[in-house]
Amino acid sequence: MDLVVFFLAALAAIATAVAVVAQKNPFVSALALLGNLVALAVLMLLLEAQFVAVAQIIVYAGAVMVMFLFVIAYVGPRGEVGPGERKPWQIWLAILAAALIAIEVVAVVYGATFSDWAEISGDYGSPAAIGKSLVTNYLLAFEIVSVVLFMGAVAGVIFGSGGRPLRLSNDEVLAKEAASAEQRRREDSRAVLDAARDSMGGDR
Amino acid sequence: MVDGVILTIVKSVILASVLMGFFALMTLIERKLIGRFQARYGPNRVGPYGLMQPIADLGKMLQKENVVPEGAHRKLYLAAPFIAMVCAISAFGLIPFGNVATIPGTDWTIHLYIANTSVSLLVVAAIGSLGFYGLMIGGWASSSKYALLGGMRSIAQLISYEVAFTLAVIGVIMQASSLSFITIANAQDHLWYFIPQILGFLVFFVAAVAESNRPPFDLTEADGEVVAGYHTEYGGMRYAMFAAAEFINAITLSALGAVLFFGGPSGPILPGPIWMLLKIGGFLFVLIWIRATLPRVRFDQLMKLGWKVLLPVATLNLLLTAAVVVYG
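Chains as they are written, first to last, in the working numbering: chain A, 5 to 208; chain B, 1479 to 1806.
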């Protein structure tokens, strides 16, 4: 039973990974990446890592991929990339990178000695155990990550505001718009008056 | 002892069927109640008291033609309602309806839940977040600007309120020091959590209404702005599946509320499943009541409420709970 699930999930992981690269439509490609993440979560479940599997889905599927799809759906045109738009050096670079990764994988697999299934103790990988290790052994890393995330949030707000002053409230923005509209209206009426005076002057 | 896998499959089928039946009944009850709130009768023509109305609706939906709009991404367009539906139903599978029951006349004992993991609550959240993709794919694949904007808008809403929702639930998790529904429900034997977690419950409830896309937070379907949102281009059974997924999500959120804040299946005299149904029904009644009472909020009001009111209150609740758990 475990083996069947393993091979199904592994096949799905490989197929979706290929689809991420092979699909021409960026939206579909991102969906394939999502499928890949879910397949990996299933593999983690098989390894009794329930918390990690669920966290993977919540974080990557629930948040990260949603952002990807958001951007693709809003910004990306629905057009597809044709083969003519590829540059030759990209292909050679890709082949080189793939070869390097292949060599690395082979080296690691040959160098490794595989043990039998490891036995895990009762609460290994449980939410409580992971939480405890985060706030004891890995406290520094945990805190640094929180600072990085905070900086990301601040940067997001600044970029999102598009350089406008952040302190303007909704009412102030409305007041400003009203003032500039008033200004424009005055200029318009002055122009109309000038034009009228000109035309009257012409009559004289 | 019945084989575990087969028993689980049987239980899943029963639960899914009961859930669909319950959903069909609730659509009727909702229309009846809304009618009453607005001083009219509601559906009362099909069968006694209009009881056959859901079946008539189903018959009508099934006969509709399946239209795929021009320029749509056909496969994704057709698949999106299924994604929404599958996620909605499977999230409900983790809700417990009691502990152990003995089948009358035999000595078989069965657990009144399909699965109890140490991370049940997170699993429901994870499946729920996968359900978002149904809306998103539906909105994108329709190749319609209203569907796309509606889909994006609902995703923005769901993500925003998920934050406050999760923070509100963490209070309960801390107090019960568990993520398992069974443990959380059992921990409320003496006192339902909605009393010590009243702040958390209020945030949870508002966020749950928003999460289920129900009025007054149904901006997805603000017809004057985005027609019908992500399901603008859908008709017939596929539209019905989106609607069903949305309502089943509301049922799941009600069940979550019952388990997390109202003791789940525990209660005097009556058996656990009945209590669960009563508590879920209570939640749904309030949801329908709200729908009949409150007008829809504006989008900026929605975002302001989520980020500037609910999130701080949920964080405050978290700090208070932490203090109580450590020093109390």
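Because the hints were derived from the structure by calculation, they are not lab data. Among the clues, some could well be false.
Computed cross-link-like contacts, DSS-like style, restricted to lysine-lysine with a CA-CA straight-line distance of at most 25 Å [unchecked claim]: (1) B:Lys1623 / B:Lys1553; (2) A:Lys180 / B:Lys1786; (3) B:Lys1786 / A:Lys28; (4) A:Lys28 / B:Lys1553; (5) A:Lys91 / A:Lys28; (6) B:Lys1538 / B:Lys1510; (7) B:Lys1542 / B:Lys1623; (8) B:Lys1553 / B:Lys1542; (9) B:Lys1782 / A:Lys180.
Checked hints:
1. For the proposed pair Lys1623 (chain B) and Lys1553 (chain B), the alpha carbon gap of about 19 Å is at most 25 Å, so the pair holds.
2. Restraint check for Lys180 (chain A) and Lys1786 (chain B): the C-alpha separation of about 24 Å stays at or below 25 Å, so the hint holds.
3. For the proposed pair Lys1786 (chain B) and Lys28 (chain A), the alpha carbon gap of about 41 Å is over 25 Å, so the pair is violated.
4. Restraint check: the Cα-Cα separation between Lys28 (chain A) and Lys1553 (chain B) comes to about 15 Å, which is no more than 25 Å; the hinted pair holds.
5. The hinted pair formed by Lys91 (chain A) and Lys28 (chain A) meets the criterion: a straight-line CA distance of about 16 Å does not exceed 25 Å.
6. Our distance criterion of 25 Å between C-alpha atoms is met by Lys1538 (chain B) and Lys1510 (chain B), whose separation comes to about 19 Å.
7. For the hint pairing Lys1542 (chain B) with Lys1623 (chain B), the CA-to-CA distance comes to about 24 Å; that is within 25 Å, so the pair holds.
8. The hinted pair formed by Lys1553 (chain B) and Lys1542 (chain B) meets the criterion: a straight-line CA distance of about 19 Å does not exceed 25 Å.
9. For a cut-off of 25 Å, the pair hint linking Lys1782 (chain B) to Lys180 (chain A) stands: about 21 Å separates their Cα positions.
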